[in-house]
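Chains as they are written, first to last, in my numbering: chain A, 1 to 377; chain B, 378 to 911; chain C, 912 to 1096; chain D, 1097 to 1294.
Treat the hints with caution; some may be incorrect.
Claimed, not checked - Below, computed lysine to aspartate or glutamate pairings styled on DMTMM-like, alpha-carbon distance capped at 25 Å: (1) B/Lys821 / C/Glu946; (2) D/Lys1134 / B/Glu589; (3) B/Lys483 / B/Asp495; (4) A/Lys68 / B/Asp740; (5) C/Lys1026 / B/Glu827; (6) B/Lys599 / B/Glu462; (7) D/Lys1134 / B/Asp740; (8) D/Lys1134 / B/Asp779; (9) D/Lys1135 / B/Asp779; (10) B/Lys821 / C/Asp1059; (11) D/Lys1135 / B/Asp775; (12) D/Lys1135 / B/Asp772.
As the list claims (entries may be wrong) - Interface residues of chain A toward chain B, partial, derived using beta-carbon atoms under 7 Å: (13) Gln7; (14) Gly16; (15) Val18; (16) Val287; (17) Cys291.
No lab work stands behind these hints, which were simulated from the structure alone.
On a predicted model such as this, the values are computed, not experimentally measured, just so you know.
The C-beta atom is built at its ideal place from N, Cα and C for all residues, glycine as well.
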Amino acid sequence: MKISIPQAAPHVRNPGRVPSLMTTVLIALSPITLFAVYQFGWPALNLIGLCLLSALLFEILCLYSTGKPLDTYILDGSGMLTALLLALSLPPHAPWWIAICGSGFAIIVGKHVYGGIGQNPFNPAMLARVALLLSFPVEMTHWTQAAPLLSTAAPSFIEGLQITFQSSTAFDGLTAATTLGQLKTDLSQGLPLQQLTEQYFQPLDSSLGLTAGSLGETSSLLIAIGGLYLLRQRIFSWRLPTSFLGSLLLLSTTAWILAPEIYASPLFHLTSGGVMLAAFFIVTDPVTSPCTRRGQLLFGTGCGALTFVIRTWGGYPEGVAFAVLLMNAMTPLIDHYVRPRRYGRSRTGTPIKRPLWRRIREFFYTQPKSPSSGSDK
Amino acid sequence: MKLFGFRGGVHPEALKQHTADHPISTLPLPAALYLPLQQHVGEPAEPEVSPGDYVYKGQLLARSQGQISAPVHAPSSGTVVAIDEFPAPHPSGLPVKTVILETDGKDHWSPAWTTPTDPWSLRPEEIAREVGLAGVVGMGGATFPSAVKLGQSLQYPIHNLIINGSECEPYLSCDDRLMRERAPQLIDGIRLTAHALQAKQATVAIEDNKPEAFAAMSAAAKGINQLNVIRVPSRYPMGWDKQLIRIITGREVPVGARSASIGVCVHNVGTVYAIQQALCAGTPLLSRVITVAGGAIAKPQNLEVPVGTLVSEVIKYCGGLNEEPARLVMGGPMMGQIVPHTGVPLVKGSSGVLALTAREVDDGPERPCIRCRRCVEACPVGLMPVEMAARLRADDIDGAVDYGVQDCIGCSCCSYVCPAKIPLVQYFNYARGVLDCRQTATRKAQQTREMALARQQRLASQQAARDARKAAKTEDKAKNNTKNNIKNTRPASKNPDRPASGDDAGTQHKGAAANIIATDSRVTDIPLQSEQLS
Amino acid sequence: MITAVTLLTLIGTLLGLGLGAVNRYLPVKEDPLRESLSALLPGTQCGQCGYAGCRQAAEALAEGTASVNLCPPGGPLLVQQLGSILGREEDSSDAGSRTPVLAWVNPDLCTGCTKCLRECPTDALVGAAKQLHVVLDDACTGCGACTDVCPTEGISMQEVPLTLTNWHWPNPQHQDSGPPKQGAV
Amino acid sequence: MTGESVEAYLILLFGTALVNNVVLVQFLGLCPFMGVSKKIDAAAGMGFATTFVLTLASASSWLIEHYLLAPLNADFLRIVSFILVIAGVVQFTEMIIRSLSPLLYQTLGIFLPLITTNCAVLGVALLNVQRAHNLIESLLYGLGASLGFVLVLVIFAGLRQRLSLCQIPGLFSGTPIALITAGLLSMAFMGFSGLPSN
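Next comes chain A alone, as it looks inside the complex (with noise of 0.2 Å):
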């Protein structure tokens, strides 16, 4: 058995495969798929199925411009994942061409541009959100009142059809706007919050994912089930949804403790917008977030703090995406300047000293010249 090429230790290995990493977060995105898919009827199972293929086809058309081998990158499942968070994020009666281009530009400018899964420094997933959210801001805020699959108010199948492909307003259905945007316009309009959240903000509803909102966002209760099976399965640390859940809200609460009427409860900020998808799926993408314990806590308030401040005084209602894309520029700089403590150096690197009096012992320590008596010690 002649080896040509000397391979190194270890000669065993840990069982794991990325293919089954990336298989048990899809996993544990289904139960929220298929609620959405409940929830918002055949419109969402249409745009999450587009999102799908698309990504695939794109995902492919790179790996062949690349010259990558097809099969080993392919199943990786890590472009699945993608174009089901970005299906999740995005609004139920969004019109084909948004699920398309979103996954485009996800997958090819997202990742494939820096070089392929595990190099792009921005989560793809929120990238193109953002991109979409920009460009085109009205089809991206166009939400509908959550009707559940077969029920009447839900569109038929053919209708399902024509609201993703001919985006005909034939069934306009019962358009409402989230708790977010609708807390945003009435604030603009300076009226007191109390009066406000008792009309339309009922924990339990925005919890159980009855409210209206993007497909996969709904229901927060539903999200924290997989993200709890996922930190089960050990798939990422639990620093860092605590501590952008935690940090969100702390500030939430100082600040509703603070001024009640101008700023709003921290459930309220818990179970609307894409909170929760973003604290167990995007904040803890492996990709974009940072390598160390401290480096995760830091990455995880940062988020928490930039979704706080974004939601409450800038423009657009949800500053979930804005923020993670933020904290993922910050994420080489964190790399940088965070890391764990070497064994026998201090946390700057240089070698630790020996306590004091060790050294002033050695220095009066005389070899054991004399003949010991032999004694056994």
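With chain A fixed as given, assemble chains B, C and D onto it according to the hints.
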């Protein structure tokens, strides 16, 4: 005993059940033994015998030379066939100078052998000297000469002698069996080493997945108050000496300093057994216990093997290979070295022979890194393998050094947990190789500068001496002319040092450069020719 | 028009005075570049870089007229160091990348003419008139100056053999082009 | 310094740093932004040098505008005199850096004198005049603009340092990928639009 926290580490499947229950059996004496001269850290040993000599068992084959080295003894009686290049147990398969000994099967000791004096009456430095003469080296795999380690540790007050019985590598169970079957000798060895180091107390650390070994050692250690046997969590790399120091004493060894400088000394169980054999039984390090395991071995077991046995002999004794192994590994699967073929000898530092099948190696296709940072969590030294590997892939060695690649101990935790199956340890070995080349290159450049300077000074001093002689000659001539100016003018005497061709002056007079080289021990004296140019 | 001219001259003189004053208080250290460069060069004055000696080569490098891989004895490491100091990423194709070589004297051809002894910048060649010459491996920098002067073509440059001490793990990326393997038994 | 004027100053400072960031929103000072952002340390060095120059220049340009140009109503001289002052300040900074840390002077190289031509510096000075800031406001505006410049420069340097390690397809490697990343970064910064900033 309170244990302290530690960082990183992985939890590979122990897979020791195949060999843990087999008692240590001894290998019948092989026909030939191949003893490399470089079986330890430091200078290779200098052969004492020449081909054709008859040697007895335990006779000195090669003595240690230089500051850090260890002697090599004959594991059995026989004739020395040759001393030349033979493939070394190393991934590259390159040869090393080896003493090839044909055993005659009689295996009898040299008549000059005497029973050793009572070890308990020896002074610490005498114990260190005896251990040095017996050729004992670190058996955990580091193979650092133990005598030098004992000597170095004597300069510091040693508070705690830690005996490393953790054996955290999967598959290996040789230390486990050693502790179960030879606990009394081990305890004697520990007390002798503690005496040699003047250590206040000794602690035997055994992983909690070896209860029988713990029971055997505690029973043997009952009644000795400064010696306690403790369980440590079984988590690779518990066998890393600095990890043991951190978990038992809570302190860390400063980088670049010896562990003795914080009052701790760590020895492997095998080393302590070898010390006991050398001092009490008077036998130098001739054989060692190894584990032969792996999916491809018919009957995996633990074996007491003379040093220098070929791997093929060992595998043949264990029932041969029942399938073609994907990798043949010397040592454990995590830090062991691959060997190109079975025709390589076992050395003092080999703790096991593994013939791993493709299933066990499970070498999936290497995928691009997705920065999942499991390697950062797993690294016990606190490095960032993901950043170092990214820089090394882009050939940025200085960037990797900035992230601490020179601190990497090669424990393979990061490659083990990497889901993308990236050979991280080979990247870091490659980086250390490049740093090694740079260091030798800078040292060589420095040496070149010194020699060039020395040469210029030599040429300048020769030139000055020549001018002085010429000036003195013209002055004598002037004096001669004035004294006998009536004598006929003789032709100009032949100038003894006719300027050589070209602008260079004077013949070579091997002065400065040779002195510099002469200090190098290997260059013999060069007879210095007189000035005359024939 | 007058105001424009006076105004600008006023601002100009004000700034000029300020800068002149500041210049006197801030000592500008002598250009350390030349010293650091000549400290790096091997100092063998072998002249293979086309300059009279290492100091002249350092000056040329400092002024930027010389390329970074001008010094063959320095090898690839020197090219890297000079490149990093001068901030220039010259390709190290010719001088830098060849494998390390040592001179070797062919015993049959050496007549003991001592011509090569004078050429060697580091006295790596030893031997006396009419005696066999030999190369001290530790001292030889592989500069090749001796090979051209040997009348009997007795000195040739041999590649340093691969042994356990100078074998290193290859870069996993270009795994197949690792260092040449010794034929195993 | 009444309460709400402090708040106004803070809003001015953070507004110029984040909301209408000099580089990513007003697209000023792009050449050092692309030129010096290869290494984080060089970027930080360049950033602080520009901060020093920009704050000093915006203050001195206000003084010149207020005490020299306005009374002699020589507004046509504004750009020339501003550039003269900025050049002076840059020369002054270069002398300081050369004597304090030759290494930084070495790494910044040509980009140190090029701060004079950095359009952010002249831009901020002219904007100060256009928005009729008083001395403190123009100082804060200069400081805010330069803090924004440093922040974005260092972030971008971090990104580029990581990009230098990636195997980017041939077509995009080098400046193209840097420009794409800068574009995406400015897209992310648009999240701050709408925050109060006068």
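Hints versus structure:
no. : hint                 : in the structure
1   : B/Lys821 / C/Glu946  : holds (20 Å)
2   : D/Lys1134 / B/Glu589 : violated (59 Å)
3   : B/Lys483 / B/Asp495  : violated (29 Å)
4   : A/Lys68 / B/Asp740   : holds (20 Å)
5   : C/Lys1026 / B/Glu827 : holds (23 Å)
6   : B/Lys599 / B/Glu462  : violated (49 Å)
7   : D/Lys1134 / B/Asp740 : violated (37 Å)
8   : D/Lys1134 / B/Asp779 : holds (17 Å)
9   : D/Lys1135 / B/Asp779 : holds (14 Å)
10  : B/Lys821 / C/Asp1059 : holds (24 Å)
11  : D/Lys1135 / B/Asp775 : holds (13 Å)
12  : D/Lys1135 / B/Asp772 : holds (16 Å)
13  : Gln7                 : holds (6 Å)
14  : Gly16                : holds (5 Å)
15  : Val18                : holds (5 Å)
16  : Val287               : holds (5 Å)
17  : Cys291               : holds (4 Å)
Checked against the numbered hints listed earlier, the structure breaks hints 2, 3, 6, 7; every other hint is satisfied.
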